[in-house]
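Residue numbers (the numbering used here), protein chains in the order written: chain A, 2 to 328; chain B, 3 to 366.
Hints listed in this document are in silico derivations from the structure and should not be mistaken for laboratory results.
Keep in mind that a hint or two might mislead.
Here are the in silico distance ranges between beta carbons for each label pair [unchecked claim]:
1. A/Glu-132 <-> B/Ser-24: 53 to 63 Å
2. B/Asp-51 <-> A/Asp-166: 29 to 39 Å
3. A/Arg-293 <-> B/Gly-16: 22 to 32 Å
4. B/Pro-71 <-> A/Glu-295: 27 to 37 Å
5. B/Gly-151 <-> A/Gly-140: 40 to 50 Å
6. A/Lys-204 <-> B/Glu-187: 31 to 41 Å
7. B/Asp-51 <-> A/Ser-92: 32 to 42 Å
Yeah, the Cβ is synthetic: ideal placement off N, Cα and C, and Gly gets one too.
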Amino acid sequence: MGIKMISNGIPILVNLEEFDEAPGPNCMSFGFGIKTLINSIEAVGLINTPFVTRNREGRLDIVAGYRRIMALKAMKYDRINCIDLSDSGLSALEKLLFNLYDNISIRRFNEVEKGMILKRMMLYISKENIEMHYMQLLGIKNRREIDILMKIDEFNETIKKSIADGAISTNTIGLLYDFDNRSSSFILKCISDLRLNFNQQLKYIDYLIDISIKEGKSITDIMDEDWFLELLKDEDLNTPQKARKMLNLLRVRRFPFLTNNEKEFDKRIKGLRFPVGVSIKHSPFFEGQDFRLEIVFKDGKELKEKIDTLAQAEGLNGIRDPWREDS
Amino acid sequence: MKIAPINKIIIEKGADEYEQTSAILKRLDEPLVERISPDRYREKGEFMDMDKNTLRLIPFKGEFIKPCPGTKGYICCGYLILHVGMNCPLDCSYCILQAYFNQPSLRVFVNLEDELNHIGHIIDSHPERIFRIGTGELIDSLALDHITGWSNTLSSFFKGRGNAVLELKTKTDLIGGLLSSPYRERVIVSWSLNSPYIVSREEHGAPSVEKRIRAAKECQEEGYVIGFHFDPLLRHTNGKEGYLRPLEMMDKYIDPKRIIWISLGCLRYIPVLKSIIRRRHPRTDILDGEFIPGLDGKMRYFKPLRIEVYSFLREQIEKWASDTGLYLCMESNEVWMEGLGWSPENTGGLSSFLDKRVQKFVEN
């Protein structure tokens, strides 16, 4: 059956109970809302007829129109018109591509959906073929991303939902690629619980990997430590505060020498008892040579007062990189 | 040392026109040959092995000679990179080339000889300037010499060019080509050295420090000017003792009065390399140090840790010899001052220092 014949297919009435809730072998929808679709169907009815095919068990698989059918089910429809492609002669791959192109013409896929597509495609065509013909179509940047997206399909529904919602980034999944499932699940759960932003996610995993290797401990052992469990339970902190505290504790553990120096510098500056609104900062990671003085003031008079106080402050000679000996 | 065999040659469209292609094919023992058009060819190399058993012969269309890109905020040696090829049969865990995994296989630019006229013109047009040119940036200068014959081609090109020197940087002991070359006067051969701990754990495929230093001795005895690069320096358990070993061997085999320069440089890496290293070398501990983003965005050891390493090595090297042309690679003025006790202040200053070393050590 050619494209023209498919579009000219005569609709048949199908019982909605014949469809499973799962997307089946051809569809690639995850993490979508059907409210807009329901509103549309309520307003103008079902504009595009879904395409279906009968599987070996005799039940119906959706070839195109999964969201529409889910919406109609939610609207308590019993039966709808569908075009049956069972005798179309289309191969399994062709049905999959039918759905792919049906979707890609009107929307972008989320990362979970891309993973679903790749997993399904891989059943019929080689990875090399996918790289050559579909990477660009799916907006996949490189080969490694294919592996990462396919890994997403192995996660549980909650994690997948966080990924589809954009709360967990592909870069984060990429960092977890070589982890065992238990460690990945631990990490992803923590990311979700503490609502880490993308930058925090990458830092968190980076610190964990480094500490795990350096200390010869597994990721799960680190996350089972008392400090971590207590932090999660701490009722005095809200979620963003917990996230920041956790990252800071991991950073101190990962960079003891650097963080000790930062602490020592802050202590010395604090000891100088500058007027309110005067602060001194070191360069990021002390890599630059210079320090930065900041004075907040209302007017010239206040500025002069602050400069005078500052000029008379004792211990200015002590402002230097903290690791240097007293001169 | 043994270099992994070349099992396959990929010849890019247009490469057959150059003599070096047939010369390379003659030197190899009937490898599988595939001729390709690069615009239609899809890389098949595996990420993990970088396809180091495949040699790709390329008529390179880009610039053969470029200034070392240097890096923002740090002092560069100001040398020029001669692009003769790319990728390396050695497999050092810290190597930047791993970040180019979309360009696997060993790559040789077969039109080098044709391009030398152009490079010669540049050199000859600026007699007032000293051109320090090296091939060891994106490939080990000698690791493929037995196949490419680069040392012979290039040393004959540099012969008689009084304002240019060629630096061949290597981790190998593959000096056969050099020893058979009659043109030695404008060639500096330099070895990248490290502590035996780092060599054995991280410089996969490279010979021991002692073998490298013995090769250096042979070259020095044969009249070559030699140099050393302690780069990348890596902090590790018993690191100070570890870095004394190559110095002891240098003391045993090398005449310090005929070393043009020794450079020191702590490991720095672009952030993206970290996860690649973790995947390709899961047992490495080179990433355990306290690395921070530098002024150029590359990761490097926290400043006092670098200064400590440089001060230590400077002290040890100066105990051995006082005039070794010691310099730092990609470091700030401040680190120079504290690590070496002086600073060239900027890239121009370091270039001038190294040019003077050339004038002193290389015959005119």
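Results of checking the hints against the structure:
1. In this structure, A/Glu-132 and B/Ser-24 break the distance hint of 53 to 63 Å, their C-beta atoms being roughly 33 Å apart.
2. Between B/Asp-51 and A/Asp-166 the Cβ separation comes to about 38 Å, which falls inside the hinted range of 29 to 39 Å.
3. Judged by the Cβ atoms, the range 22 to 32 Å given for A/Arg-293 and B/Gly-16 is violated: they are separated by roughly 55 Å.
4. For the hinted restraint 27 to 37 Å between B/Pro-71 and A/Glu-295, the CB-CB distance of approximately 34 Å keeps it satisfied.
5. With their beta carbons about 46 Å apart, B/Gly-151 and A/Gly-140 fall inside the hinted range of 40 to 50 Å.
6. Remark: the range hint 31 to 41 Å for A/Lys-204 to B/Glu-187 is contradicted by a beta-carbon distance near 54 Å.
7. Taking the beta carbon of each, B/Asp-51 and A/Ser-92 are about 36 Å apart, inside 32 to 42 Å as hinted.
Of the hints listed earlier, those the structure fails to meet are numbers 1, 3 and 6, in rising order.
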